[in-house]
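full-length UniProt numbering puts the first residue of the sequence shown at 1, with every later residue one more than the last.
One should not assume that every hint holds.
Below, in silico cross-link-like pairs of lysine to aspartate or glutamate (EDC-like), each with a Cα-Cα straight-line distance of 16 Å or less [to be verified]: (1) K93 x E40; (2) K2 x D152; (3) K2 x E40; (4) K2 x E114.
FYI, nobody ran anything at the bench for these hints, they're computed from the structure. Note that the structure is a prediction, hence the values are computed from the model and not measured.
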Amino acid sequence: MKVLAVHAHPDDESIWTGGALARFAKQGAEVTVLTCTNGEEGEIIGRAELVDDLAQFRLGELAEALEALQVSGQRLNLRDSGMAGAESAQHPKALVNNTEQAAAAIEDFLRAEEPDLVITYGPDGGYGHPDHIAAHNATHEALSRVHASGIDPEVWWSVLYRQDVIDGQQQFVLPEGWQWPGQEYLFNGTDDFVDVGLELSPAEVTAKREAMAAHATQVWIADGRASTVNPDRVVASHDDAIAGVYALSNLYAYPILRTEHYQLPFGPGPVARAQEQHRWDNA
């Protein structure tokens with residue numbers, strides 16, 4: 001079995017799909033993460049003065065995360081476009097200005113490797129980030145180009161299942177200085193419709209959490225650990241129903257869930273938890 005995960009920035013592979021990637025790798029699949037940008041526009045958690053070149057620093061974090069997941073990686077080395085409306089989107093190397101280049105690279109991979117499963121974001125990019133949307137568009141453009149050649153992998157769109165996030169927020173104590181996301185923010189970044197609920201084993205949860213922690217400039221895990229850039233330690237008490245608590249630079253607290261959720265482009269819904277339904281299981 002071969003799996004391709006197309007992500008916009010370093011850290012997306014771990015936050016959105018780390019558990020699934022760890023599972024497939026452990027099962028013996030050839031798992032490749034294709035990262036479209038180098039994350040130049042990320043907001044640094046901690047001491048920004050210690051980071052001379054954010055892109056190179058984040059690529060180092062990405063390498064550590066991929067090692068934790070036991071998967072391989074490829075990069076397009078395009079530029080982070082930043083959030084919607086950001087001036088950085090005008091850069092000629094920004095992903096949003098190079099969707100065709102990204103699609104061509106993904107097409108080359110699909111033709112060379114013929115993966116059984118492709119994972120990326122849905123049409124809204126998960127929460128509307130222009131680079132996530134561009135990654136979705138590039139991936140599906142590439143898939144459309146290879147379809148006539150008989151290359152027809154199953155496709156998963158990674159999402160955060162709203163109800164599980166809301167339930168998970170009831171399972172931990174908010175760390176001091178962190179805050180709850182408002183309803184508008186929460187609803188924008190989660191989805192109430194999913195097709196696949198992938199229940200993670202303890203080993204898969206551990207791999208995902210360690211991969212997330214590798215991205216210390218972008219992800220703050222409230223388990224008492226510190227990093228080179230962020231020496232502050234935060235601990236959140238939580239129930240075993242969740243695997244931990246994390247925040248991004250906005251310090252909105254989220255649970256690390258023990259289930260990852262995905263939509264199928266033409267999925268049946270509601271949540272299906274039996275892997276046997278998927279055609280790549282016997283590949």
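Do the hints match the structure? See the list:
no.	hint	verdict
1	K93 x E40	11 Å, holds
2	K2 x D152	12 Å, holds
3	K2 x E40	30 Å, violated
4	K2 x E114	8 Å, holds
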